[in-house]
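A.B. asks: Protein chains in written order, with my numbering: chain A, 19 to 522; chain B, 183 to 606.
Note that these hints are calculated values from the structure, not bench results.
Some chain A residues flagged as far from chain B (calculated, every beta-carbon gap over 10 Å):
{"hint": "1", "residue": "L144"}
{"hint": "2", "residue": "R154"}
{"hint": "3", "residue": "I186"}
{"hint": "4", "residue": "R187"}
{"hint": "5", "residue": "P195"}
{"hint": "6", "residue": "R218"}
{"hint": "7", "residue": "E226"}
{"hint": "8", "residue": "A254"}
{"hint": "9", "residue": "R287"}
{"hint": "10", "residue": "T294"}
{"hint": "11", "residue": "L302"}
{"hint": "12", "residue": "A355"}
{"hint": "13", "residue": "T373"}
{"hint": "14", "residue": "G403"}
Chain B side only, calculated, beta carbon under 8 Å to chain A, not exhaustive:
{"hint": "15", "residue": "T466"}
{"hint": "16", "residue": "A474"}
{"hint": "17", "residue": "A481"}
All C-beta atoms in this analysis are idealised placements derived from N, C-alpha and C, irrespective of residue type, glycine included.
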Amino acid sequence: MNILYGLTTPDEGEILIDGVKVDFKTPRDAIGLGIGMVHQHFMLVPVFTVAENVVLGVEPTTLLGLLDRRKARREVREMSERYGLAVDPDAYVEHLPVGIQQRVEIVKALLRQANTLILDEPTAVLTPGETEELFRIMRELKASGRSIIFISHKLKEAQTIADRLTVIRRGRVVGSPPPSASDSELASLMVGREVELVVRKTEAAPREAVLDVDGLTVLGAGGYVAVAGVSLEVRAGEIVGIAGVQGNGQTELCKALMGLVPVHGGRIRIGGRDTTHASTKDVLESGVSYVPEDRQEDGLVEGFSVAENLVLDTFDRRPFASGIVLRLDKIRQTARARLEEFDIRAESIDTPAKTLSGGNQQKVIIARELGTETRLLVANQPTRGLDVGSIEFVHRRIVATRDAGAAVLFISTELDEIYALSDRIAVMYGGRIVGIVPPSTPTAELGLLMAGGSPVTGADEAGGSPVTGDDEAGGSPGTGDGGEDSETDPREDKPGEAGEVEQV
Amino acid sequence: MSAGTAVMAARRRLVIERRFVIGGLLVAIGLIELLVFGRVAVKGDAVFTFTLTGAKVNIPNLTLPAGPTSTIIGAVTTALGLLYVAVDLPKVPRRLIAGVSLVGLVAAVLCWADASRIPFPFVALLASTVASSIPLMLGALSGALCERSGVINVAIEGQLLLGAFGAAVIASAFGNLWLGLAAGALSGGLIALLLGLFAIRYRVDQIILGVVLNVFASGITGYLFDSLLVPYANRLNSPATFNPIKIPLLGDIPILGPVLFDSTVFLYITYVVIALVQIGLFSTRWGLRVRAVGEHPEAADTVGINVLLTRWRNVLLGGVVAGIGGAYLTIGSVGSFAKDMSSGEGFIALAAMIFGRWTPLGGVAAALMFGFATALANVLGTVGSPIPSDFLLMLPYIATIVAVAGLVGRGRPPKADGQPYVKA
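Produce the entire structure from the sequences given, and follow the hints as far as they go.
C.D. replies: Now the structure itself:
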């Protein structure tokens, strides 16, 4: 896709547009030929307004050569009205929810007269409601005669929206199944082998509480309230999934549990011991395993070898150390065993971690964290960016950890995953837990909770479209208010309060 | 504890912390004014003059009884400080209090320093402030140009120094001040060329690079000074200096005229550069693109903006601007080059730019404040104040700390500042 957009130049092969061979050198060439791209990580300047972002690169100017901000605003407004993409041209992008930011990206592409839109994993950051809204916009654009390339690793979405499908694996086109192809057909094409899409797990048998959080409050960088009085209990032998759109305090919650950020209020107990202000080492030593959100930044030391990464948390203890000396033989021996056990595809245990694929990097982390007995697993987005095969692996290990008697707290922005793994689902919004519901809750209801009780959209007309019930959740389209759910943990803040959550 | 109260408590603690620190500082300053300045300087009046000799309009002198004035200022500042601690004030009154207290502090110090001595030349102080701020303002603008595009410029000091050197030598050798000015600008540009080459092309750590370039500028000018400028001082190191140009009408305005409109061409160039950079960065297509490159280079790249070219252009422009500031040091004021004559002004300019939150006008305001410090020390030296000038030089910096904590809050640098851009 970067080649199509002129960011990277191809070594071989040709690109035809309307039957004519074209040659891209820069994004400017691609834009000129009517190609627009919405990147997975938005290409918006946070401190600029919507209008400034949209016109960047094609700025209208006044006769004096100054920026014509009025014209820019008008252009944005016209474009957004024509396609029902409501955005406020004067809003600062950093203050907008991701769903709206995505619209800004689409407006940006349309203003450049894009005929072919490339959407790279556009739904990864959206709530179910916002995804519906995006699909509506996509259909509208299709009706206006534009082509859309929709890249996704979510099977269901591809089946829903696409007219034609192409499966790419390791840089090769491996097939073009019809959109009516079944989940498992698609998945096996993507992975190259049979994949089990359903996570096999038995009924949970929860025992004593391992993690007990009460009124936890954490301030984020800059003093805003990231986690606002969260109370939560995770028991041995159960998986609690935290659902929520990214950036609603999940990361800060994990970091606070692990002692990585200071706690400003409330209490954390792990295995009955107060660890509210404990150091990370202390937390780890009380039997906690942690799979951080960003495996490259926080999960691994990328320049270290696989073997070294496997003992990052235990290198200073027996059997890997005696006194101040590392027992390299023991480290290597364990590393070889882990490589085998967790099926990590690395050339050797001495290969630097950064050369591994994302899936294998994640396996290294999982092997380190789950290789030994654990009481509590905290996993933040453990399958993000992984292929279906690796996801299957991670899911199986998480369930196995639960079955071995550990408590599992895992965070995901993917509803499918939340449903597949959780024994109980806690929904986080605006730094609060706005509801704890069983996995039998319909998607629509969960989606509504994730959006803070009412769908988050900047626009009037967008909010109205209720999420349609998803088949696997087995429910009728939700009527909305999660507050009616009798399963809600009584200790929690009432979901009804969600609407009053301050947007920080 | 319920969620709401936990949040409120956490937030309240931060606010209270700030109130006590800043309010306490204000009370301390007020008490010093009240008890030290007010008591020590009881005798005599402080006289301020507002007219330079030969001005067309005369303004009467201002005579204040030094002791009582300081006492009153001290009492007011103390009261304001207590108010600050006691009440959780909104932003505007908070800033107002801090501002009034700072002005009061300066006034109290002046009263004390000038009591029973020769009249205090207020206009001369302001004129000297503006003049000594010229290299600082240009340096800060250079910094803003570079950093807004995402390149950290620690080499302002070196650019000033080489600019001063180049201007002195060329102006002296060719006997043409304008050639000297151009040479100064190009010399600054030369350092910028090295900065760009290593920072943009070879992605060297920009802070280390800046320090190295400063050492390089100091070394090369030092060597050339010893081996060329000392033996051939008459030919190479005795340039003329620009004469002040008084702007008709504007130059006759009382107080402001002699301060703002009766100076060398450098001040007028500075005006133009300030306007160009401020308008350019915030109201033109060029500026929008520059800021996009400094904040989010990938985004700029994806809409067809050439990131590296934009950075190169800004770094070179910044070098030229700082080079002009350097030229001021020789052909705008003292008229000869001396070893390491920039004496840290480049770093002060850098601080001014940061203090001014990476904006041209903010940087200029901060530069003027630092310039005021230098000027105050000079002028007080001439009136024969009882305070050692070293202490006077410290005062504005202490005020700066107060200002940074209370008035300005924390600035936000461009997001991609200092990060080399590597195409995906």
